[in-house]
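Numbering (my numbering), first residue to last: 63 to 464.
Not one of these hints is a red herring.
Mimicking DSS-like on lysine-lysine, the simulated pairs with C-alpha atoms at most 27 Å apart in a straight line are: (1) Lys345 / Lys387; (2) Lys197 / Lys387; (3) Lys389 / Lys197; (4) Lys345 / Lys384; (5) Lys328 / Lys197; (6) Lys387 / Lys328; (7) Lys389 / Lys328; (8) Lys384 / Lys328.
Don't read these hints as lab results, they were simulated from the structure. Since we're looking at a predicted model, the values are computed, not measured.
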Amino acid sequence: MTVAQPDVSVIIGAYEAMPYLIECLSSVEAQTIDPERVEVIAVDDGSTDGTGEYLEEFAERAPMRVLVIRQENSGGPSGPRNVGLSKATGRYVFFLDADDRLGPEALERMVAMADRAGTDVVLGKVEGVNRSAPKSMWGKTVERTDVFSSNIKFTLSAQKLFRRELLDRHGMRFDESLFTGEDALFTMEAYLRANGVSVVADHTCYYLVGRDDGKHVTKSGSYALRFDSARALMNLIAEHVPAGGRRDQLMVRPLTVTLLPQFGPKYLTDSEEVRRHKFELAKPLLDAHWTEGAAQRLRVHERLRLHLVAEQRPELLIEVVKFVKAKKQAAALLERKGRRVYLAYPHFRDRAAGIPDSVYLAEPREARAFPGYREGGTHTFVRRAVRKARRVLTSREVRSAA
Numbered sequence: 063m064t065v066a067q068p069d070v071s072v073i074i075g076a077y078e079a080m081p082y083l084i085e086c087l088s089s090v091e092a093q094t095i096d097p098e099r100v101e102v103i104a105v106d107d108g109s110t111d112g113t114g115e116y117l118e119e120f121a122e123r124a125p126m127r128v129l130v131i132r133q134e135n136s137g138g139p140s141g142p143r144n145v146g147l148s149k150a151t152g153r154y155v156f157f158l159d160a161d162d163r164l165g166p167e168a169l170e171r172m173v174a175m176a177d178r179a180g181t182d183v184v185l186g187k188v189e190g191v192n193r194s195a196p197k198s199m200w201g202k203t204v205e206r207t208d209v210f211s212s213n214i215k216f217t218l219s220a221q222k223l224f225r226r227e228l229l230d231r232h233g234m235r236f237d238e239s240l241f242t243g244e245d246a247l248f249t250m251e252a253y254l255r256a257n258g259v260s261v262v263a264d265h266t267c268y269y270l271v272g273r274d275d276g277k278h279v280t281k282s283g284s285y286a287l288r289f290d291s292a293r294a295l296m297n298l299i300a301e302h303v304p305a306g307g308r309r310d311q312l313m314v315r316p317l318t319v320t321l322l323p324q325f326g327p328k329y330l331t332d333s334e335e336v337r338r339h340k341f342e343l344a345k346p347l348l349d350a351h352w353t354e355g356a357a358q359r360l361r362v363h364e365r366l367r368l369h370l371v372a373e374q375r376p377e378l379l380i381e382v383v384k385f386v387k388a389k390k391q392a393a394a395l396l397e398r399k400g401r402r403v404y405l406a407y408p409h410f411r412d413r414a415a416g417i418p419d420s421v422y423l424a425e426p427r428e429a430r431a432f433p434g435y436r437e438g439g440t441h442t443f444v445r446r447a448v449r450k451a452r453r454v455l456t457s458r459e460v461r462s463a464a
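Given only the sequences and the hints, what does the whole structure look like? Please build it.
This is the structure:
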């Protein structure tokens, strides 16, 4: 008898996952999708707390096919995910972390969306439990979008539904040399290669659980690993997207989410040696990828900090970081009859600092918060010039006709 191909392979990489694994597997067992349409591939990555034994117990009682693989510890999440992916037979794959859990009906809804829309990646709404979760991309359910037309670039975790044919066609696997941000690299590549992305925003599909023991992977790792992650993601974007506005748009993600926090409040408690090292690590990244187009897409305090890092001005950065940490509101200076708003963060129009005014110029999205701002700027000036030129031409035509 031929066994039908499952619709979805749920891949679980597990390391020291007890007791969180209990609720994780319960959420899989409670899925409304027909168990015949699901396979679970669970990889125990050298656990010593009973994780492997519990997975094997689950495999014996679960209504769906379950494959348990036990291996020596690989040192990171990429290895187990790649092992699971190599064994997957489903039309789609879903990566489930062993300390998180699925929402009710999650698999059924995401598979139905992928089949209906014909898209290669489906994002299901995520909620945080004892931790924060991304929010900006869940405004509405969208059958088809892409990484340039939405905020999906701000959720690059691996907990998505991926069409396996897409991954196999491009030989996509998680980078085992990275120990943080490996999922961002994988997911961004999938977004860029996908023929479309769907968003299920009207139903919680995934619960991101914060561990009480502080062992969650995103909380661990040295600062140097963050620079490795930023470098890999920036290089991937540059490889797939030509220079210009679309590339700048995507660079906002590694610049603000991965790189900028290294020059936030934590920077104030870093030793001088660590501060110097961070500037050294950041220099080649900003030399290659810090552009005017990317800078314009940031808020003023973000742009100012990265400008100072790009210009290798550590002596000026401290005061800016202290100002930001204190959550002070920079004074707004309105010029050009309210069409330009400058935010007077530290060193604004300080001759000795020599920072261009443009670094402090608020873009419309940020400027709208200040009374007296009149949106229009350069575009308004151009429109006025065009109207004036038309009036002059019309006047001349009337005189000629007379």
